[in-house]
Amino acid sequence: MTTEAPRLTIVTGGDTASRVARKRVMSVIAHVLLIGASILMLYPLLWMLSASFRPESEIFTSNSLIPTSVSLHGYISGWFGLTRTFDLFFLNSFIVSILCVIGNLAACSLTAFAFARLEFFGKNFWFALMLGTLMLPYQVVLIPQYVLFLKLGWVNSFLPLVVPKYLAVDAFFIFLMVQFFRGIPRELDEAAMMDGCSPWRIYRKIMLPLSLPVMTTAGIFTFIFTWDDFFAPLIYLNDLKTYTVTLALRTFVDSTAESNWGGLFAMSILSLLPIFVLFLFFQRLLIEGIATTGMKR
Amino acid sequence: MTARSLGADAAPSGRAVVPSVWSRLWSANGPGYLFLIPWFIGFFGLTVGPIITSLYLSFTDFDLLTPANWVGADNYIRMFTADPKFFQSMRVTLLFVLFSVPLKLAFALAVALLLNRGMRGLPIYRAIFYLPSLLGASVAIAVLWRTLFAGDGVINDFLAVFGIQGPSWISNPRYSLWTLIILAVWQFGSPMIIFLAGLRQVPVDLYEAASLDGASKWRIFWKVTLPLLTPVVFFNAIIQTIEGFKSFTPAFIISGGTGNPVNSTLFYTLYLYQEAFAFFRMGYASALAWVLLAIVAIFTSISFLTSRFWVHYDD
Chain H
3 MTTEAPRLTI
13 VTGGDTASRV
23 ARKRVMSVIA
33 HVLLIGASIL
43 MLYPLLWMLS
53 ASFRPESEIF
63 TSNSLIPTSV
73 SLHGYISGWF
83 GLTRTFDLFF
93 LNSFIVSILC
103 VIGNLAACSL
113 TAFAFARLEF
123 FGKNFWFALM
133 LGTLMLPYQV
143 VLIPQYVLFL
153 KLGWVNSFLP
163 LVVPKYLAVD
173 AFFIFLMVQF
183 FRGIPRELDE
193 AAMMDGCSPW
203 RIYRKIMLPL
213 SLPVMTTAGI
223 FTFIFTWDDF
233 FAPLIYLNDL
243 KTYTVTLALR
253 TFVDSTAESN
263 WGGLFAMSIL
273 SLLPIFVLFL
283 FFQRLLIEGI
293 ATTGMKR
Chain F
516 MTARSLGADA
526 APSGRAVVPS
536 VWSRLWSANG
546 PGYLFLIPWF
556 IGFFGLTVGP
566 IITSLYLSFT
576 DFDLLTPANW
586 VGADNYIRMF
596 TADPKFFQSM
606 RVTLLFVLFS
616 VPLKLAFALA
626 VALLLNRGMR
636 GLPIYRAIFY
646 LPSLLGASVA
656 IAVLWRTLFA
666 GDGVINDFLA
676 VFGIQGPSWI
686 SNPRYSLWTL
696 IILAVWQFGS
706 PMIIFLAGLR
716 QVPVDLYEAA
726 SLDGASKWRI
736 FWKVTLPLLT
746 PVVFFNAIIQ
756 TIEGFKSFTP
766 AFIISGGTGN
776 PVNSTLFYTL
786 YLYQEAFAFF
796 RMGYASALAW
806 VLLAIVAIFT
816 SISFLTSRFW
826 VHYDD
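Protein chains in written order, with our numbering: chain H, 3 to 299; chain F, 516 to 830.
Do not rely on the hints blindly, as some may be mistaken.
[To be verified] Okay, derived cross-link-like pairs now, DSSO-like style, lysine-lysine, Cα gap no bigger than 30 Å in a straight line:
hint	chain 1	residue 1	chain 2	residue 2
1	F	738	H	25
2	H	153	H	243
3	F	761	H	243
4	F	600	F	761
5	H	125	H	207
6	H	153	F	761
7	F	761	H	25
Keep in mind the hints are simulated off the structure, nothing from the lab.
Just need the whole structure built from these sequences, with the hints factored in.
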């Protein structure tokens, strides 16, 4: 009874003993439902994890989550499964993701600072336009952007994936930061302004240090979105040595999967690992980020 | 005049001003615009410019290799009169959105309500249910789904325990789209978290008042909780619908980039990709993109227009 939060206590009358018993039963039923649902939700992931450690011959013969014999065959054959090894693809993905995180944080925070704290002619107009781009389907700008990057000679390099982040194209993160900046007491920058601080110094010395939570949230989400991104690498990277992990996995599916399931699952698991680690360490921050902003994932 | 006016659009206020008009204009507006330089470059160079270009290209036969020729509304006419794949991809995408979004939201709300009872272990359950949302968009998960729902996959092994002979979900056009819908519903975690946050905002005294009046839990849900939660339902529905229209990776990976079997998983985005980057019909693909923009805009405005009839905002 003490475990129940009081807020949903519903007074229905009747004697207390039977009420307590009923609540107990309800609580047990709820837990059974939730545990069942949890198993159902996690089963696919655990199945793949387990399959990645099975010898090739056993992958489809048993659906038990505990492999009868553990084999690293999948990880080794997968790592060397393409003409380039997976360390290159992981390195590529890391480079792209880190560069995107830096760009997104820098450019979006500059933009957000201007919208949240500075006064200038036409501010509301530009802010509305910025919010308007939130709804814009990416496909509408896709082809001209592709032609532009092609003409600049950027295809087959990381530039088309990375440079846009330095130009604050991700309106969502700008909005996220504007909301956060607005919560920082204005007295701080007004006092600094009185002392003759330039806007740049206010941004550098007051806003950024106070914005660690929102910066971390935005940084982690940028990393995950970029790490996962499949579409942009698919159209901009054609040369195997520039492939990111997602693209390499797709090539794996197309070329060798039928003969090397273990390798495919092993590399799939490894590709999820960085996201999973971030999830473990920053779970609360991620969940708060979603709860307060309605992040799409 | 107001010498102290620091307003954004402070007009130059006449002869008495010692600093020049320009320096005043600069000090009132300059820093803001300086901070916005990266955004302006991106906004005009990567958004506004491309939007205009893409509208223009949609009236041409641009193929990337030869200069674009103006063809008038031919692309749009062809789309609506002579392109069964366009209608098919539209149908697939609409079916996907119409089934996956309500199912996803229903699951999200049901689990959120269950968790909101003050369950012990809430953070663990929440994390478990959220994990698929976080991982779900990746190629690895699409690969996994392709395997689970194969004819000899885990799902059918499971069904066989109950004596059911499952079909080959992935390669049967009757079921292939459903595997993608199930994949989307599996990722109900993030709307669930938003629902949980919304449920926490419902004032406790409302529940108490309702239960003192002898209302059943079921009635309380329909008459108190749900009406108060409608803004969150609305928000989730909009976000998930837009996401649904944009979905690409799972269909691409599961169908090997083809949208097969028999175009049953040919998402609109996938068709657009094929036209643009497999056949280099970039003019036509631009037209497809503009139709997508129109559809998303229509969907969103209908949602907003109808929202005042069912979304409850505090007075």
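Hint-by-hint comparison with the structure:
1. F:738 with H:25: Within the cut-off at roughly 22 Å; holds.
2. H:153 with H:243: 21 Å, holds
3. F:761 with H:243: 28 Å, holds
4. F:600 with F:761: 18 Å, holds
5. H:125 with H:207: OK: residue 125 (chain H) and residue 207 (chain H) at ~23 Å, within 30 Å.
6. H:153 with F:761: 27 Å, holds
7. F:761 with H:25: Outside the cut-off at roughly 44 Å; violated.
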